[in-house]
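S.K.: These are the residues of each chain, in order.
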Amino acid sequence: MTGTADGAGDETADGAADATAAVRLVGLDKAFGSVRALTGIDLTVAGGEFVSLIGPSGCGKSTLLRVVADLEQPTAGTVEVSGKTARRARLDQDYGIAFQQAGLLEWRTVAENVELPLQVHGVGKAERRQRAGELLELVGLADFAGSRPGQLSGGMQQRVAIARALAPSPQLLLMDEPFGALDEMTRERMQAELLRIAGETGAAVLFVTHSIPEAAVLSDRVVVMSARPGRITDVIDGCRPRGTRAPLGHGVDGAELAGDALSDRVDDVRESTAFFAAITAVREALRKGHG
Amino acid sequence: MGGRWRSALMTAAGFVLLVLLWELAKLVLPDAGVSVGDTRVLPRTDDAAMPHVWTVLAQLGRPEVAVPGARLVGVAVAAAALFTLGLALGGLVLGAVLGMVLALVMLRFELVERAALPYVVLSQTVPLIAIAPLVAGWGGKIAILGWSWQPWASVMVISSYLAFFPVAVGMLRGLSSPIRADVELFRAMAAGWWTTLLRLRLPASVPHLLPALRLATAAAVVGAIVAEISTGTRGGIGRLIIEYAQSATGDPSRMYAAILGAAVLGLVAAGAVGLLDVGLRRYRGSVR
Numbered sequence: 001m002t003g004t005a006d007g008a009g010d011e012t013a014d015g016a017a018d019a020t021a022a023v024r025l026v027g028l029d030k031a032f033g034s035v036r037a038l039t040g041i042d043l044t045v046a047g048g049e050f051v052s053l054i055g056p057s058g059c060g061k062s063t064l065l066r067v068v069a070d071l072e073q074p075t076a077g078t079v080e081v082s083g084k085t086a087r088r089a090r091l092d093q094d095y096g097i098a099f100q101q102a103g104l105l106e107w108r109t110v111a112e113n114v115e116l117p118l119q120v121h122g123v124g125k126a127e128r129r130q131r132a133g134e135l136l137e138l139v140g141l142a143d144f145a146g147s148r149p150g151q152l153s154g155g156m157q158q159r160v161a162i163a164r165a166l167a168p169s170p171q172l173l174l175m176d177e178p179f180g181a182l183d184e185m186t187r188e189r190m191q192a193e194l195l196r197i198a199g200e201t202g203a204a205v206l207f208v209t210h211s212i213p214e215a216a217v218l219s220d221r222v223v224v225m226s227a228r229p230g231r232i233t234d235v236i237d238g239c240r241p242r243g244t245r246a247p248l249g250h251g252v253d254g255a256e257l258a259g260d261a262l263s264d265r266v267d268d269v270r271e272s273t274a275f276f277a278a279i280t281a282v283r284e285a286l287r288k289g290h291g
Numbered sequence: 001m002g003g004r005w006r007s008a009l010m011t012a013a014g015f016v017l018l019v020l021l022w023e024l025a026k027l028v029l030p031d032a033g034v035s036v037g038d039t040r041v042l043p044r045t046d047d048a049a050m051p052h053v054w055t056v057l058a059q060l061g062r063p064e065v066a067v068p069g070a071r072l073v074g075v076a077v078a079a080a081a082l083f084t085l086g087l088a089l090g091g092l093v094l095g096a097v098l099g100m101v102l103a104l105v106m107l108r109f110e111l112v113e114r115a116a117l118p119y120v121v122l123s124q125t126v127p128l129i130a131i132a133p134l135v136a137g138w139g140g141k142i143a144i145l146g147w148s149w150q151p152w153a154s155v156m157v158i159s160s161y162l163a164f165f166p167v168a169v170g171m172l173r174g175l176s177s178p179i180r181a182d183v184e185l186f187r188a189m190a191a192g193w194w195t196t197l198l199r200l201r202l203p204a205s206v207p208h209l210l211p212a213l214r215l216a217t218a219a220a221v222v223g224a225i226v227a228e229i230s231t232g233t234r235g236g237i238g239r240l241i242i243e244y245a246q247s248a249t250g251d252p253s254r255m256y257a258a259i260l261g262a263a264v265l266g267l268v269a270a271g272a273v274g275l276l277d278v279g280l281r282r283y284r285g286s287v288r
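Respectively, the protein sequence lines represent chains A and B.
The first sequence begins at 1 in the UniProt record's numbering and counts up one residue at a time.
The second sequence begins at 1 in the UniProt record's numbering and counts up one residue at a time.
Hint data in this document are derived by calculation from the structure and do not stem from the laboratory.
A virtual CB, placed ideally from N, CA and C, is assigned to each residue, including glycine.
Among these hints, one or two may not hold up.
To be verified - Some chain A residues judged to face chain B by a derived CB distance under 10 Å, without partners named: (1) R66; (2) D70; (3) L71; (4) R90; (5) D92; (6) Q100; (7) G103; (8) L105; (9) E106; (10) L116; (11) Q119; (12) H121; (13) R148; (14) P168.
Stated by the list, open to error - Away from chain B, derived, C-beta distances all over 12 Å, residues of chain A: (15) T20; (16) A126; (17) E137; (18) L182; (19) I212; (20) F275.
Build the full structure now, drawing on both the sequences and the hints.
M.R.: Written out as structure tokens, the structure is:
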């Protein structure tokens, strides 16, 4: 349980289910030349936990995500992903990643895009097809398996990108402003979708965002960061609606909440006082970090 | 497919327009051309300088020499054009392969790119006329596995020398076209260099490669014709143009018939490369 010591007291129930933290950062520093992008980052993301990173531009939140993804090397400190080094975790495809741009390959069909990570790792064609089918079902795009990415709307493309990130069944999703380019309505729908998917797959999510409401509604915890040097200034509890993986006796007749029910719950959260309290707390933390 | 038909139609219309302009020039302009003072600003348009289009076409049906059983001019032109087409396509394939390999090496080793790219550009500023005799001269001294160098091999090499350039530059550009996020996605998926090449860079290079190949085709044809002339290689259309130009001073229609053959040859080569477009259609719309 030492892995979840970092401000995650209320996550012990989840942490107990999976003794290995999804992400564990200790004393992480990252410098680009003389610019200190990140200093003294300590952060633990428990298995199944949803953690948002929020902060002003240049606070290093994307860099932090990229260090976890092994796309950047830390200058100092420890990075552990699923109990392994970041490099090992990347090579083992222990995480899935999605960026602001869906980044689908235009010459591949939607299904072939979803299959890509599996193809790269030499999974057989039949198995790939089947897995892509399941994932497109999960993101509600089963009817578009044979379409080209260019024929899809921005929100649909982003859902394909999420399906692709989920293809190797990772227990960690890294997302860098995945809904940043979407309009507000699509964005809210996608947030509910993401919560449902995270619930159904049980994956932990490390989520970079600019949007305070987005961070508040999605997260178990909101990590507030500040720039020059990039550091964590506060950790605030978010309002993530649970339910899709409710333990027996907690959901509707012990069954999983259907996507629609979760979507209603998300809407309820958006109107709750706890939500506004979280937004206020995050906003104040951001202002404090700025001053 | 409608677009394809339309573009074929436009090509035909362009050809008709060219014929009409030619005949119009003959009709309207004086035979002696147009002179301002002592300087002639428009060429002579009499039948000796600009034969009628139908005279040129009729020439194709005449025998080459006034001996019974002699070859028809049309047959000679077609045979020569076919010979040159083979050399040009051979040069194109050779040049395209060289260009692609060079692009791959430049992509893989940045140092090579910085070192080689200026020379790649420089290579194209050396006049073809200058290197043609050199290649022919060197070639004459080589025998590969008992196969002695043939003059047509020099032509193919020179043709490829012109063709590799657009392919190398276009391919390098295409291979480097994926944006950083795409490359990082592949890295995040733990894809190696070769997998990234196969699944990302090569497909992404197609929209850059196809126009480069079209340029290379034109360059290969021109290169083959000029190389034939400057190395004195027999059997091709380049040589035939010279022969007809020299032997028929009084009747230029024969030379024009050979030039017509060279033009058709270029169209056929371009058409052959156009087929690649159809085959690689799924990769085309990906320039961002």
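S.K.: Each hint should be assessed against the structure and marked as holding or not.
M.R.: Hints, verified against the model:
{"no.": "1", "hint": "R66", "in the structure": "holds, 8 Å"}
{"no.": "2", "hint": "D70", "in the structure": "holds, 8 Å"}
{"no.": "3", "hint": "L71", "in the structure": "holds, 5 Å"}
{"no.": "4", "hint": "R90", "in the structure": "holds, 5 Å"}
{"no.": "5", "hint": "D92", "in the structure": "holds, 8 Å"}
{"no.": "6", "hint": "Q100", "in the structure": "holds, 8 Å"}
{"no.": "7", "hint": "G103", "in the structure": "holds, 5 Å"}
{"no.": "8", "hint": "L105", "in the structure": "holds, 7 Å"}
{"no.": "9", "hint": "E106", "in the structure": "holds, 4 Å"}
{"no.": "10", "hint": "L116", "in the structure": "holds, 7 Å"}
{"no.": "11", "hint": "Q119", "in the structure": "holds, 7 Å"}
{"no.": "12", "hint": "H121", "in the structure": "holds, 7 Å"}
{"no.": "13", "hint": "R148", "in the structure": "holds, 8 Å"}
{"no.": "14", "hint": "P168", "in the structure": "holds, 8 Å"}
{"no.": "15", "hint": "T20", "in the structure": "holds, 20 Å"}
{"no.": "16", "hint": "A126", "in the structure": "holds, 19 Å"}
{"no.": "17", "hint": "E137", "in the structure": "holds, 22 Å"}
{"no.": "18", "hint": "L182", "in the structure": "holds, 16 Å"}
{"no.": "19", "hint": "I212", "in the structure": "holds, 25 Å"}
{"no.": "20", "hint": "F275", "in the structure": "holds, 32 Å"}
Hint check: no violations occur; every hint is consistent with the structure.
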